[in-house]
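So you can see what is in the structure, the chains are spelled out below.
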Amino acid sequence: MRVATRGRIWKFGDDIDTDQIFPGKYLTLTDKSEMARHAMEGVPGRTSFAESVTPGDVIVAGRNFGCGSSREHAAVAIKGTGIAAVIAKSFARIFYRNCVNMALPILECDAVDELAEGDTVEVDLRKGTVRNLTSSREYCCSGLSGLEFEILGTGGLIEYLKKHFLKADA
Amino acid sequence: MGKTIVEKILSKASGSDVHPDERIWAHVDLVTMRDFGGPNVVLEYRNSFGQRPLYDHESVAITFDLHVPPRDDRVAANQKMLREFAEQEGVTLFDVHSGVGQHVLFEHGFVKPWEVVIGTDSHMNLLGAFGCFATGVGTTDIVGALATGKLWFRVPHTYRYMVDGTLPHMVSAKDVILRILKEVGTDGAAYKAVEFAGAVVDRMNLSERITLTSMVTEMSGKIGFVPPNKSVVGFLSQRVKSEVQSIWADEDAQYERVLSFDATELQPQIACPDSPDNVMDVRSVAGTKIDQAFIGSCTNGRYEDLKAAADILNGRHVKPGVRLIVVPATMEVASQAVREGLYDIFLEAGAVVPNPSCALCTYGHPGILASGEVMVSTSNRNFIGKLGKGGKVYLASPATAAASAVRGVITDPRDI
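As you go down the protein sequences, you meet chains L and R in turn.
Here the first sequence stands for residues 1 to 170, where the numbers follow this note's numbering.
Here the second sequence stands for residues 1001 to 1416, where the numbers follow this note's numbering.
Take these hints with a grain of salt, some might be off.
Unchecked claim - Computed cross-link-like contacts, DSS-like style, restricted to lysine-lysine with a CA-CA straight-line distance of at most 25 Å: (1) L/K32 <-> L/K11; (2) R/K1080 <-> L/K32; (3) L/K163 <-> R/K1080.
Unchecked claim - Per label pair, the in silico range of CB-to-CB distance: (4) L/D124 <-> R/Q1088: 41 to 51 Å; (5) L/D31 <-> R/E1084: 17 to 27 Å; (6) R/M1280 <-> L/G13: 20 to 30 Å; (7) R/K1182 <-> L/R6: 37 to 47 Å.
Stated by the list, open to error - Over 12 Å on every C-beta distance to chain R, these chain L residues come out as not near it, computed from the model: (8) S48; (9) R63; (10) A75.
Everything labelled a hint here was simulated from the structure, so no lab data went into it.
Ideal placement from N, C-alpha and C gives every residue a C-beta, glycine not left out.
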């Protein structure tokens, strides 16, 4: 996991649900790169999102990002596009877990309204800071807890379990 | 300091005295997966752990409830993969005839109070009606728990929703939970546990309790509980092999928020497109033309739900041009509905009655709406595109859905 990243902002609204992040009609897909091609496809006006993203870009969204079903495809698809972090006012619970488990960095940030589509941001996951290079302003976010940061830093849940619980017979 | 229900369960499961916001590792009593999500679990498990045996194959169950029987090559292959995994690992599998996973699991004695249950289903939390901590998680969580029997959790704060008074005639548990959703919104219980209490809740039967707890998902809650009463404990005792002990919060438990509702004046409620918290009195949108009605789902697919619809449909017919689809939650529910004559009523009314499943809660299940069409559904979600591009979904009780199917327009069940 890269602790600091810099990229362009792709801005989304409140209550972006998992059917918009990864439409249900693709749920039978199991190939990760194929899944990435459909990321955010269900959001009106964002059908070509996946092909427009540059690796390192950042998604910024409003409240309750990732609400709806438990599909991990949503986090997997976003990560697969090369998005380096998702910043939102709040996340839906299962989506939050999935991001930690898949090592897709997330930050909860109250200053989302100060971040605009196309702005360039620098995100420091350890400090929990978001610096808007376009407006030259910096914001403090509530970062991840110790355990969550450890899981992200180890490369996700499976790597963490192998390292800490299954070490003896791995 | 006293503990709420979730604090008691997670203290037991983690072997420590837990408090809200702590991150803990908890022992998982039951790991479940289904035909959606399950194939990814199997692929990821083999990819991560190869042929390593499961931590405990007896605490794992697979349920098929989405595309049953399979509708295309890919689904058929995925289900085949799960059958082979179940065979290899000695895991119980409920095949295509069974019905909605959580309902099948509690009918077959797989859950009881005080336990921790996880599954690849965002409505796992309906099992809180049995006093267990059940919650929907992602594929990787399931893979990790299959290998280690444990999972990380953030101990949630608890909200208490009190519903007192008396439910009026034709007003149901669905109307109660929609009214609460209107109050708290789609992120009103984000990261929280919810305990339902009060005179109205205490009197509710099992199917009504399930309707309440299932829709905690739509408030972004982690789990919804109704403390099991004698009747619920009795139901489980007939099905679970070990002793069933109820669970309730301590009297001095700390609730982060307490909300009180009086149900006495409550009217039938309906969630309008495109959000489950866009809730109004049914009468305020009465007369809106509909093309389809759906009665079923993990929220309203029990026998009592079907009976409420049948009482309205008895001797009546669905309005020409409108489709009514009725889907029992499980084979046990379907069998009872056949025995008690409900199928005759549905078929004579002109309904389509497919085999038990999650039915129209799944994209791709027969019953997709054409662009611009309107459906009244007893399920739990009406997000954009959930059931067909451009279709509009209203969420309501079985009685409201049945009355609307008969009239061809949204109808308060008291007005028929």
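- [ ] Could you see if the CB distance from R/M1280 to L/G13 stays within 20 to 30 Å?
- [x] Cβ of R/M1280 to Cβ of L/G13: about 23 Å, so the range 20 to 30 Å holds.
Task: Status of the stated non-contact between L/R63 and chain R (beta carbon gap over 12 Å) - done: Incorrect as stated: the minimum Cβ-Cβ distance to chain R is 6 Å, not above 12 Å.
Task: Restraint status (C-alpha distance of R/K1080 to L/K32 at most 25 Å) - done: 21 Å, holds
- [ ] Would you check the hint for L/K32 and L/K11, treating anything up to 25 Å between C-alpha atoms as holding?
- [x] 23 Å, holds
- [ ] Could you tell me whether the CB distance from L/D124 to R/Q1088 stays inside 41 to 51 Å?
- [x] Holds - the Cβ-Cβ distance for L/D124 and R/Q1088, about 46 Å, lies within 41 to 51 Å.
Task: Given as non-interface: L/A75, which should sit over 12 Å from chain R by C-beta - done: 7 Å, violated
Task: Cβ distance range 17 to 27 Å for L/D31 and R/E1084, holds or violated - done: Roughly 20 Å apart at Cβ, these two residues keep to the hinted range, so it holds.
Open item on the list: Just to be careful, I want the Cα atoms of L/K163 and R/K1080 compared with a cutoff of 25 Å; is the pair within it?
Closed with: 32 Å, violated
Task: C-beta pair R/K1182, L/R6: status relative to the range 37 to 47 Å that was hinted - done: 42 Å, holds
- [ ] Would you check whether the claim that L/S48 is not at the interface survives, using Cβ distances to chain R and the 12 Å cut-off?
- [x] Label holds. Min Cβ-Cβ 17 Å, cutoff 12 Å.
Taken one by one, the earlier hints fail for this structure at numbers 3, 9, 10, listed in ascending order.
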